[in-house]
Amino acid sequence: MHSGSPSDHPSEIVERQRWLAVLAKAPVARLEAAWDTADDKPAYRLLRRGETGLVMVRGRIGGSGGPFNFGEMTMTRAAIQLLDASGNVAYTGFGHVAGRSARRAELVALFDAMLQDPARHDAIADRVIEPLAAEQDAAKAAQTAKVMASKVDFFTMVRGE
Amino acid sequence: MSEVATAPRAGDFMRLDPGFADPVRDAQGCFRAVLDAMAHPGRIVQIPTALPDQLPLGPATASVALSLCDIDTPVWLDAAAAEAAGYLAFHCGAPLAKTPAGASFALIADADAMPPLGGFALGTDEFPERSATLVIEVAGLTNDHGMTLRGPGILGETRLDVAGLPARFWSERAALAELFPRGLDVLFVCGNALAALPRSTRVDL
Numbered sequence: 001m002h003s004g005s006p007s008d009h010p011s012e013i014v015e016r017q018r019w020l021a022v023l024a025k026a027p028v029a030r031l032e033a034a035w036d037t038a039d040d041k042p043a044y045r046l047l048r049r050g051e052t053g054l055v056m057v058r059g060r061i062g063g064s065g066g067p068f069n070f071g072e073m074t075m076t077r078a079a080i081q082l083l084d085a086s087g088n089v090a091y092t093g094f095g096h097v098a099g100r101s102a103r104r105a106e107l108v109a110l111f112d113a114m115l116q117d118p119a120r121h122d123a124i125a126d127r128v129i130e131p132l133a134a135e136q137d138a139a140k141a142a143q144t145a146k147v148m149a150s151k152v153d154f155f156t157m158v159r160g161e
Numbered sequence: 001m002s003e004v005a006t007a008p009r010a011g012d013f014m015r016l017d018p019g020f021a022d023p024v025r026d027a028q029g030c031f032r033a034v035l036d037a038m039a040h041p042g043r044i045v046q047i048p049t050a051l052p053d054q055l056p057l058g059p060a061t062a063s064v065a066l067s068l069c070d071i072d073t074p075v076w077l078d079a080a081a082a083e084a085a086g087y088l089a090f091h092c093g094a095p096l097a098k099t100p101a102g103a104s105f106a107l108i109a110d111a112d113a114m115p116p117l118g119g120f121a122l123g124t125d126e127f128p129e130r131s132a133t134l135v136i137e138v139a140g141l142t143n144d145h146g147m148t149l150r151g152p153g154i155l156g157e158t159r160l161d162v163a164g165l166p167a168r169f170w171s172e173r174a175a176l177a178e179l180f181p182r183g184l185d186v187l188f189v190c191g192n193a194l195a196a197l198p199r200s201t202r203v204d205l
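Read top to bottom, the protein sequences are chains W and C.
Take 1 as the starting number for the first sequence in the working numbering and just add one per residue.
Take 1 as the starting number for the second sequence in the working numbering and just add one per residue.
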């Protein structure tokens, strides 16, 4: 993925990474609903239609912790351009999602572009990003709690006698 | 890979235009048309294009680039086509060749200013396919007069007139004939029309 920790980047990049991460993990039905109920829908065109391919996922596989190829996963990407009133391109948004849903990648790109627009940013962040982020955090916390409940401490095991 | 420059970051996404509306079908349609043209040298085919207007390249040139160029094919652009670098980097992922000799494809928008044909990659005797394919934008293509073409894919002979091509092109091309199987394959484009001149075609000067 990207080298260096997120804190190496300027704050606007960190912020964009966060909303893209939230959008990329959101179910397509939620994104579709958020788009359907959005007021003041902007005009847009597809710069790159949703297209599916493979990406190599790297991870800490060995004991040394160095990155190594973990395996390939299916990914879909899209890019859209928001058009202003005179038909010129105002903002370009990108979407990358796991799986094969072109519509989902296009919706992520659409929201990415809208979030770059200062006039729309706050409304979308409050209405779309924050609720999704809260749900994802809660789901992760619940999963972590469930797994932690089954944690086994091995320090009681004694070998020998 | 020293012949290959790093493609410019398409930092200015505002000025990018979309690629094919339906990438798979449109690229297949264009490929089929180019195949037909290469199999019948001199025949003028229409590229079924589905691209927006106002591209930095002509519609047929852009279609050919989107259909044939990818990360494995360094592309050289002449000065008149240089504006298309960002478009090709975004839609094809093709690296830019710094010199004509390093290119698999050369997109030439200004035929008068094109470099000598001998400066492009001509392949080797073992690997003649490692040569460049030239896509040259010309002022007009007609079949009823002009050069007489003979060779594989042509029954008897055919005529092709290429308007706006410098006269030195034909003499430089003739000078490459003795190098066969090394050589250059050329696609002439004009609007949506395309005609091919593969290295195997003989031209009466």
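Calculated from the structure, these hints are not laboratory results.
Check before you lean on any hint, since a few could be wrong.
[Unchecked claim] Each pair of labels, with its calculated beta carbon distance range:
(1) C:D161 <-> W:A24: 53 to 59 Å
(2) C:F127 <-> W:G71: 48 to 54 Å
(3) C:T148 <-> W:A24: 56 to 62 Å
(4) W:K140 <-> C:P128: 53 to 59 Å
(5) C:A21 <-> W:A29: 24 to 30 Å
(6) W:F70 <-> C:P166: 54 to 60 Å
(7) W:E32 <-> C:P116: 40 to 46 Å
(8) C:G191 <-> W:F70: 44 to 50 Å
A virtual CB, placed ideally from N, CA and C, is assigned to each residue, including glycine.
Verification of the supplied hints:
One distance hint, 53 to 59 Å for the beta-carbon pair D161 of chain C and A24 of chain W, holds here, with the actual separation near 55 Å. F127 of chain C and G71 of chain W have their C-beta atoms about 34 Å apart, which leaves the hinted 48 to 54 Å range violated. Our hint of 56 to 62 Å for T148 of chain C and A24 of chain W holds, since their Cβ atoms are close to 60 Å apart. For the pair K140 of chain W and P128 of chain C, the supplied restraint of 53 to 59 Å holds, since their beta-carbon distance comes to about 58 Å.
Checked against the hint of 24 to 30 Å, the pair A21 of chain C and A29 of chain W passes, with Cβ atoms roughly 27 Å apart. A hinted range of 54 to 60 Å holds for the C-beta pair F70 of chain W and P166 of chain C, which are about 55 Å apart. E32 of chain W and P116 of chain C have their C-beta atoms about 57 Å apart, which leaves the hinted 40 to 46 Å range violated. The given range of 44 to 50 Å is respected by G191 of chain C and F70 of chain W, whose C-beta atoms sit roughly 49 Å from each other.
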